[in-house]
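Undergrad: Single-letter residue listing:
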Amino acid sequence: MSNEQPKGDEPLASFEGLLREKANRLKTLLDDGDVTSAFAVISELNEARDRTLYQEVGHLTRTLHESIRNFHIDSVNPSNKDDASKIEDASDRLAYVVDMTNKAANKTLDLVEDTMPLTLKINKEATQFKSDWTRLQRKEMKPNEFRELSDRMDVFLGELSKNSDKVHKNLSEILLAQDFQDLTGQVINRVTTLVKDVEENLVALVRMAGKVDEITGTIHDDVGQETSGIEGEGPQMKADQREDVVSGQDDVDDLLSSLGF
Amino acid sequence: MNKDMKILVVDDFSTMRRIIKNLLRDLGFTNADEADDGSTALPMLQTGKYDFLVTDWNMPGMTGIELLQHVRADDNLKTLPVLMVTAEAKRDQIVAAAQAGVNGYVVKPFTAAVLKEKIEKIFERIDS
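Here the protein sequences line up with chains V and W, keeping their order. Sequential numbering of the first sequence, starting at 112, is according to this note's numbering. Sequential numbering of the second sequence, starting at 1136, is according to this note's numbering.
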């Protein structure tokens, strides 16, 4: 057995010692023909096995509870003592992350959509003025054209001042809309810690289930999970370390061109 | 390439639909509608008024690959150009999309330049 869980292994190790000791005793008793005492030893063994199981389950339950209790994501509502609700709270917090990122994305998109026409307008008008200005410098402009240019310039400069101010304000707001990263980052980090704790305990649970199977002599039919290989999975993690995943658009293009695209 | 063509953008995240619509507008395509999954998109496509489909893969209800298969199986839609814009990055998936008859495949996160290039490539091939 692994050395990583010395506490969890203790009951089982002592049970194995007991089993060995009692087995020798059982053999001696049977050799001596003392069947009654032999049955007593068997029932002692049964009791010891049950006790070991209870201890293993108890130990694991304690560690699992411990790790859930260690999950202090909710500093706003510390009066909540119900352990089970911490996991629920974690899902609530993740829903909050989805909500916040959604709001930030929409706010940013609103501001971008508000800003883009302004910059397009400024660009279009400035391009027009550039060509008019060139004509003026070459003295190709008639006085009435110049008066018209001067009037337009007046309006343009007024609008330019107003619109560039608006662009700046929108950019500042876009900047501030990124503040979700700090808050959602903190929440996600805490949920990650909980998931790691729970995972560790689940691994211990699997390990213990293996021991329980060992003690009780249970054999399971393994049912493998099969996936079609093309089911949607969302973004791939550690794509650069995986052979079956493309690492970017260039990879996609290479793959498609190898297929005759 | 006809800049007035009618485009359907299918993605379950409204922000991604907005991003794609904005990028399309920047490329001069101002005539785009939205749907949030394949089962909403398919009846819209069946009206016959769309010239180009941009779809995500992973969506609740009907996925993008199923939508693509439905489109290719429909006599009125089978020649509709389809661009997949998705986070799905497994080689098997890209091969499956190609076999299902996708016209272009863009992996997220993507840039405006990549989207432009793929759209141009699709219509170059169709127009030629």
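FYI, nobody ran anything at the bench for these hints, they're computed from the structure. Ideal Cβ positions, reconstructed from N, Cα and C, are used throughout, including at glycine. Please note that a few of the clues may not be correct.
Heads up, simulated SDA-like pairs for lysine to any residue below, C-alpha to C-alpha not over 25 Å straight-line [as the list claims (entries may be wrong)]:
id	chain 1	residue 1	chain 2	residue 2
1	V	214	V	301
2	W	1156	V	301
3	W	1156	V	209
Ranges between beta-carbon positions, derived for each pair [what the hints assert, rightly or not]:
id	chain 1	residue 1	chain 2	residue 2	range
4	V	321	W	1259	57 to 63 Å
5	W	1207	V	263	52 to 58 Å
6	V	217	W	1178	24 to 30 Å
7	V	203	W	1207	50 to 56 Å
8	V	247	W	1248	35 to 41 Å
9	W	1207	V	313	39 to 45 Å
10	V	276	W	1213	39 to 45 Å
11	W	1161	V	321	55 to 61 Å
12	V	346	W	1248	17 to 23 Å
Undergrad: Now, for every hint given, state plainly whether the structure supports it.
TA: These are the hints, each one checked on the structure:
1. V:214 with V:301: This hinted pair holds, its Cα atoms lying about 21 Å apart.
2. W:1156 with V:301: Outside the cut-off at roughly 35 Å; violated.
3. W:1156 with V:209: holds (22 Å)
4. V:321 with W:1259: 57 to 63 Å: holds (60 Å)
5. W:1207 with V:263: 52 to 58 Å: For residue 1207 of chain W and residue 263 of chain V the Cβ distance comes to about 54 Å; the hint holds.
6. V:217 with W:1178: 24 to 30 Å: Roughly 27 Å apart at Cβ, these two residues keep to the hinted range, so it holds.
7. V:203 with W:1207: 50 to 56 Å: With Cβ atoms ~42 Å apart, the hint is violated.
8. V:247 with W:1248: 35 to 41 Å: With a Cβ separation near 37 Å, residue 247 of chain V and residue 1248 of chain W satisfy 35 to 41 Å, so the hint holds.
9. W:1207 with V:313: 39 to 45 Å: holds (43 Å)
10. V:276 with W:1213: 39 to 45 Å: Given about 53 Å between the Cβ atoms, the range is violated.
11. W:1161 with V:321: 55 to 61 Å: holds (58 Å)
12. V:346 with W:1248: 17 to 23 Å: holds (21 Å)
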